[in-house]
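Using the sequences plus the hints, can you model the full thing?
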Amino acid sequence: MRFRAVMNDPSYMRKFTEILQVLSNLAKTSVLRVCPDKIFFVIMESQQPQAWWELDPEQFFSEFTMRGVSDVYNEFYLEFATVMLADTLITLKKNRAPQTVKIKLTDKGGPCLRFEMEMPVTSLVRTCSHDFPVGIIPRSQWSGIHEAEEHSYDVSIEMPYIREMHQWLECFKSLGQHCYLVANENGDFQAKLVHDLGTCVKQFTGLQVVHEDGDHRSHDLTRLYGVRVDRRKLVAFLALEHSFPPDRVLQCDISERKLVHLQLVRGDAVLHFFCRHVIEDVAVHHTLIEV
Amino acid sequence: MSLLHQPEHVDDDNVLVATLDSVKVLLQLLKAINFRECGIIFATEKGLKVTVEDSKSIQASAFISEDVFETYTLNAEEVVFKINLNVLKECLNSMSSSNYIALKISYKGYGDSLRLIMSQGSSITGCSIKTMEPEQMLDFHTGTLNIINKVMLRSEYLKEVFNELDPMAEYVEFILSPNTPYFRLSTHSIGGDCRVDIPKDCDMIESFQCTSLTAAKYKLSHIKPSCKPLSLSQKVSISTDERGLLCFQYMIRIENYNGYIEYYCTPIVDSYDD
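The listed protein sequences correspond, in order, to chains D and Z. When we follow the working numbering, the leftmost residue of the first sequence carries the number 10, and every step to the right adds one. When we follow the working numbering, the leftmost residue of the second sequence carries the number 1288, and every step to the right adds one.
These aren't lab readings, by the way, just hints derived from the structure by calculation. Hints are supplied without guarantee of correctness; some may be wrong.
Heads up, simulated DMTMM-like pairs for lysine to aspartate or glutamate below, C-alpha to C-alpha not over 20 Å straight-line [as the list claims (entries may be wrong)]: (1) Z:1522 to Z:1542; (2) Z:1515 to Z:1324; (3) Z:1318 to D:179; (4) D:182 to Z:1324; (5) Z:1376 to D:173; (6) Z:1417 to D:205; (7) Z:1437 to Z:1528; (8) Z:1391 to D:299; (9) Z:1417 to D:290; (10) D:113 to D:84; (11) Z:1369 to Z:1341; (12) D:182 to D:167; (13) Z:1395 to D:299; (14) Z:1343 to Z:1457; (15) Z:1376 to D:205; (16) Z:1343 to Z:1420; (17) Z:1376 to D:179.
Quick look at the structure:
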């Protein structure tokens, strides 16, 4: 296993640190998955991936080399403490940021990620190193981490009104733990809370539908597909939108009563959120509201 | 059919239809009396009254007059239902993010849900809140005919006085009299005795109309919920009758509208008094 990367662009150093801070808000531990053409930071929940960041190493690093556990499986997975790493890298965000950051997988009596930061001090250069302990995840546990990627969906829709949806969802504490996300191929989307005490819906129309193969998946464009998810997890994920530029878009892929995959695209990084359908006592029929 | 689906031509089915361009007045008044989960809503031609009662000892009512609404139509003599105020508050709060909104409130009658619907640029927000059988509420108004003492003061002063009260005490005694001590609040607890005397001619009192001595004790936990409407109001009047029924009436001004909250509290009957 081998990993070496060099960052010398201050804006990318800042983005890297911001990503880690965002992850540290979601969970105490995270998994770093290094592939030849991608890097992922994965948050697990009950042995299933809940959220993950996908980064393009060519954008972030001026140099990047890796070698996986074997020729056939040319990737590796490391487990680390998110808050500790986020705190360690806080200097990358400051004004007098390092001019270069080298990241290397080393062995210091146990596997470590070494961060070597070269900081200019007048005419001299000071090097600061952090050896950060990580855990190596055995290959037997890999499949559970990336299984969410291969799945077909009934509808995929782009939802630009993330802040509005987040603020709306945050208002409700009395209408239960769950929320429905509903969409159709006509560009209609709903976030819906259904409870004995009442029902509340936030509906958006005229949204862009994403077609994977250039064609509609079904002939009935108005048919609504819904999935029921944990409301608090959804709110925690949507809270990350404030660390995104204003032109970020949320793509919502729904598989009726099975799972939802949300992708928040930030230019050079994609944040994924994945949630399985929570079975309800009574099936809910989805319809659009009219004023 | 969706609970929220309501085409124009069935508007006649509604016993109550009202539109609002800001939820602020309604929301703030509701928050001030939301010390219990549920409340009763009465709709009359004059507007809405929302009442919350606890242990047959305290009762608060918020009055939202029909001029707070852009349009207000009542197609029945009176409309009454019980509703979960926490849910209503959350729904109104979810619609309060922008300054101008076009919110429509409607209700079809007994058994129907209270519907809120708002259309705003990019989205439509709709809420359908279940209503319940209204419970019988105590009618304290019979007490207002026999008011013995009445004091009006600026709310900020009464708030200061209430903040001074000993939080460890179980009861607070209110004494109102045309003679000294005029207006006294006192508490007793293991922490000690606390007494606040407010002379009738002091700056904080706007009007003082006391005919005879009234003294009564109230549970501090029954007075506490009155602090919220007190904070919201500009002026408050305190009145008592011969039975010791305490009545606070709060004058509230929000966004150029005059709102009004009434708060009743029954006294503790001390069976060991001599």
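Consistency of the hints with the structure:
1. Z:1522 to Z:1542: 16 Å, holds
2. Z:1515 to Z:1324: Judged against 20 Å, a Cα distance of about 15 Å means the pair holds.
3. Z:1318 to D:179: 18 Å, holds
4. D:182 to Z:1324: This hinted pair holds, its Cα atoms lying about 13 Å apart.
5. Z:1376 to D:173: Distance of about 18 Å is within 20 Å: holds.
6. Z:1417 to D:205: 8 Å, holds
7. Z:1437 to Z:1528: Roughly 9 Å between the alpha carbons, so the hint for residue 1437 of chain Z and residue 1528 of chain Z holds.
8. Z:1391 to D:299: It holds: about 12 Å lies between the C-alpha atoms, which stays within 20 Å.
9. Z:1417 to D:290: 19 Å, holds
10. D:113 to D:84: 15 Å, holds
11. Z:1369 to Z:1341: 14 Å, holds
12. D:182 to D:167: Roughly 27 Å separates the two Cα atoms, so the pair is violated.
13. Z:1395 to D:299: Answer holds: residue 1395 of chain Z to residue 299 of chain D is near 17 Å, not above 20 Å.
14. Z:1343 to Z:1457: OK: residue 1343 of chain Z and residue 1457 of chain Z at ~18 Å, within 20 Å.
15. Z:1376 to D:205: Holds - the C-alpha atoms of residue 205 of chain D and residue 1376 of chain Z are around 16 Å apart, at most 20 Å.
16. Z:1343 to Z:1420: Holds, because 18 Å separates the two Cα atoms, which is no more than 20 Å.
17. Z:1376 to D:179: 13 Å, holds
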